[in-house]
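Trainee: Following the hints, put chains B, C, D and E in place on chain A, whose structure we already have.
Chains as they are written, first to last, in full-length UniProt numbering: chain A, 1 to 253; chain B, 1 to 253; chain C, 1 to 253; chain D, 1 to 253; chain E, 1 to 253.
Rather than coming from a laboratory, the hints here were simulated on the basis of the structure. Small disclaimer: the values here were computed from a predicted structure and weren't measured. Any given hint could be a false lead.
No copy is singled out in the list; a pair is fine if it fits within one copy or between any two copies.
Claimed, not checked - Derived BS3-like pairs (lysine-lysine); straight-line CA-CA distance at most 27 Å:
hint	residue 1	residue 2
1	Lys64	Lys135
2	Lys68	Lys135
3	Lys135	Lys123
4	Lys213	Lys123
5	Lys135	Lys208
6	Lys208	Lys60
7	Lys91	Lys208
8	Lys208	Lys64
9	Lys64	Lys128
10	Lys208	Lys68
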Amino acid sequence: MDLATLIGIVLGMDLIVASIMIGGDLGAFINIPSIVVVFGGTTAATLVKFPLSDCIAALKIGGKIAFKNTADDPRSVYDIAIELAGIVRQKGLLGLESVQVENELMARGIRMCVDGMAAEVIKESISKEVDMTLKAEMQGESFWRGMGDMAPAFGMIGTLIGLVQMLANLSDPAAIGPAMAVAMLTTFYGAVLANLICIPLADKLEIKIDNTKNTRALIVESVMQIHASQNPMVLQELLGVYLPGGKPAEEEE
Amino acid sequence: MDLATLIGIVLGMDLIVASIMIGGDLGAFINIPSIVVVFGGTTAATLVKFPLSDCIAALKIGGKIAFKNTADDPRSVYDIAIELAGIVRQKGLLGLESVQVENELMARGIRMCVDGMAAEVIKESISKEVDMTLKAEMQGESFWRGMGDMAPAFGMIGTLIGLVQMLANLSDPAAIGPAMAVAMLTTFYGAVLANLICIPLADKLEIKIDNTKNTRALIVESVMQIHASQNPMVLQELLGVYLPGGKPAEEEE
Amino acid sequence: MDLATLIGIVLGMDLIVASIMIGGDLGAFINIPSIVVVFGGTTAATLVKFPLSDCIAALKIGGKIAFKNTADDPRSVYDIAIELAGIVRQKGLLGLESVQVENELMARGIRMCVDGMAAEVIKESISKEVDMTLKAEMQGESFWRGMGDMAPAFGMIGTLIGLVQMLANLSDPAAIGPAMAVAMLTTFYGAVLANLICIPLADKLEIKIDNTKNTRALIVESVMQIHASQNPMVLQELLGVYLPGGKPAEEEE
Amino acid sequence: MDLATLIGIVLGMDLIVASIMIGGDLGAFINIPSIVVVFGGTTAATLVKFPLSDCIAALKIGGKIAFKNTADDPRSVYDIAIELAGIVRQKGLLGLESVQVENELMARGIRMCVDGMAAEVIKESISKEVDMTLKAEMQGESFWRGMGDMAPAFGMIGTLIGLVQMLANLSDPAAIGPAMAVAMLTTFYGAVLANLICIPLADKLEIKIDNTKNTRALIVESVMQIHASQNPMVLQELLGVYLPGGKPAEEEE
Amino acid sequence: MDLATLIGIVLGMDLIVASIMIGGDLGAFINIPSIVVVFGGTTAATLVKFPLSDCIAALKIGGKIAFKNTADDPRSVYDIAIELAGIVRQKGLLGLESVQVENELMARGIRMCVDGMAAEVIKESISKEVDMTLKAEMQGESFWRGMGDMAPAFGMIGTLIGLVQMLANLSDPAAIGPAMAVAMLTTFYGAVLANLICIPLADKLEIKIDNTKNTRALIVESVMQIHASQNPMVLQELLGVYLPGGKPAEEEE
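Next comes chain A alone, as it looks inside the complex (with noise of 0.2 Å):
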């Protein structure tokens, strides 16, 4: 669970709520029809924008990495595999049959590795997944910041339509200020929407997703060399490279 996506959507909602309740009632900012537009529009431009496969994967990968903390820590990455290599040198590759491994990329190479797959056709498979994945994802990124660009446009476009029936029915002028109240609810509900929601889980996608690569490499790297019985000495050496400080005797979060 990653935590930080999780308290900064809650404590930013938290205190746009508490921040209305100072100053008056909540129900003055729900509004049906604001919300409609807004929400309905942007998802219909989404619509537009993206192909209808893209939209509904986006939404399940974008939900999936932002708000889990993916067992993709370089680090562990590497525990699991000095210590299968020391399995393989023990007991030979199907010494791997009863291991469990977290990691579902890894666990997949393994997997293939027990089954006695030849290591050309291991490393295809298992870099191709992490490509479909890279894909999927950064396709995630970009389906969230689309929606963060459309968000305030519609925001604008159900302003505008408030305004023009306000301004077209002016005979009553107590009308105005609720009238105009209204209209900039979209603007509030675009403005939150873009800024409290689908960019900053765009962003976070992004960095996520650079983190991973290296991570991923790391992956593809151990299962290869697991395969090849690599003694885990010479293992060590070569997969520390991947990690963040140098090997593990060193100190770091």
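Mentor: Okay, now just chains B, C, D and E, sitting in the frame of chain A:
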């Protein structure tokens, strides 16, 4: 038919119309001179931006790609290529004479094979067609993006015209509201045109162009291998690298 | 004559004028001091931006490229090159003496061939001319883009001047409207100047510069091959790669 | 101590406070809920944007680099390296045991030399430290830039909340002014936070990161040469290329 | 003296002042606290952005390049180089002793030749000077661009201060107009400072830096060839490639 594009535009329009109807009369949002300024002005600036022939081609290409689901799925091209290679092994290149291939580019390549043209000529010819199509598609994208950049600007120009006229004649206070309402309509038109249609269409073109690059490389490779009467088994290996998830045995959408 | 550029600017202006005339008097939109601030200020900032000599050259180049349809169609260059190569095969390089070539760059290259200059000298000379022209054209583009960046800024500066003056003298309420109307005129001028003229012209220059690159490479190659008395048949092959759709036998625009 | 950073922030704050005090009361510019929305909202969005551990590290790194004048002046590193090389020539590597080096990275490298570690190990170790520090610094920069992007957005969100509340309750005209004043405070906070603190700090980090790259390469080279007991004369030549103005004989700041 | 820069700034200022005087009193546009907020705030943020030493250097470099027409015309350097090469052929390198070269960089190179320094040393020395100057010039550009980014932001901050103060004290309606007028002055100052001075100066620096790159390469080459007592005829060929339009026989500005 790319449903997402159509659903998106229709849904977006419906939401905006519905949102207008909840708050008042749709008639207040239709103003012919405003429509003329925004759509005409955007078109005029687009004519200055792009050579005339590009505009027409871009409009056609844009509509075609955005709304149609072209038969450019790499898996289907792969399946057809394997099938055709089998036919060639049995009956020779002339056996392809009666085969119907849905994909236009591939069909043209196969026809050239049947016509007995040299491999080099076929490759150059279909590669050139790929380049030309790609260039036309990228012109289409930049055309729609250019429209999307211009529309809000002419929306603002129209609003400025309306505001200046209203401010120059403040004698009748009752007319201020409706005059401002009309002035804001052009901004509204510009925002809807840009954010619901032009920019999302340009984005979708960009994504589709990107997606087809791989498929087109696959088609060129397929035709060349079929021309060389490649063994279908070997062909599966050779073309498998173009598929997003490896060979067809794997499950994926 | 590049009709699109002219039609676009005239059409855009007409639409704006028509839209003004529907709603009132054109006179309300003409204000000499406002014109002076926007056009003068934009010009002043452009003088700070670009060296003086660049400004004049850029203005000329910009007008020339944007409005003229230069004889830079690759197909016509190709046709002429094949024709000239035939003449050279029959009568030698001196046979080109009486030939009229429309394209300036090519004409210069051919004249150098007739004058008996060395291949290397000709190549260097016309390549340098291509580079210089390209540099001048790109300066032209950045000049117009710079104008397009500055115009809205000086429109806003003019509006701020008008607003400050109006606000400082609120004694006569009847004067507020017209004063604000005049203040907004500069924003209007800046928006029209930037979005109908400067930015679209810069965009068109960019597209035309991009399009001529290929033609110019074709011209340099043509002249070199003609100088070498290349066989017209071989020349067709050599130059065919510069044509958008392959050799002339194919149909295309 | 980087005086410019401190002077800039203090001076900017003083100018803003002074400018407020000339026109009225400072109290009108302090509003707790507004501060909560802008600072809290920006913090919340930053938590969504960056992994939690990055935030804390970035905050520390940012403060450290922006306010401290690190001992990363290439000239002083050069001088120390020449001095140390002299000591090594006279007393061997162990002669460095009692030497105090201010620069942390260099000190660590020298300590490893004294400890008799292999050249390769030292190089890899300090190169890795350089990479890790660089990555942390760049995270610091993007953290502050991200804050600077978010602050104006949450300023606008706060203002929208205030405006909607004011417009929904227009019954008391006397309350409109003060309510709008409070609503605008959040925009003010967001603008000051972004433009006086976050964005300039990010820019300064960017410049400092750029400047230290050269010095760090010089440190790595110095340590390697000292380890190799390089002749101080030769070392002057080798390290001179890292100095901005050549060898120390020349005058410069 | 680069007249365009001076004419541009003076002309722009005059136009703005004239435009103010047509509509009213210049005095209404001068407000000391507003000037302090905009200029002081921009300066403060710039101090946070750039190291202190960079600020001063950048200011000097900026002024020097923007207003002076440096003797960096490639043609004049070319002419001097040919002339000096002739002198060297006749009297040897010592014959250059009494020659006055206007361009500082070239003069320094020639002086080193006369002083009998080795070719390598001269090349390294003047290349380093070129790099240092280039770096300083690019700092100058980014300094002015940074000022141009900050000025409108502090203009807005000043306007927000004024608006909040005005809105908090709405008791006297007669004071609203003038108070708002003053509030808008800071936006006006920020816009003029950014769009007439800072951004155009940064753009001119960018263009000039780009233009001098070629001349500086020519100077380095010239000095090296003169040092080698190159034949003036050969030198013409060698240096001709640095001229925009080939050798001096051709006409051009």
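Trainee: Going through the earlier hints one by one, which of them does the structure break, listed in rising order?
Mentor: 7
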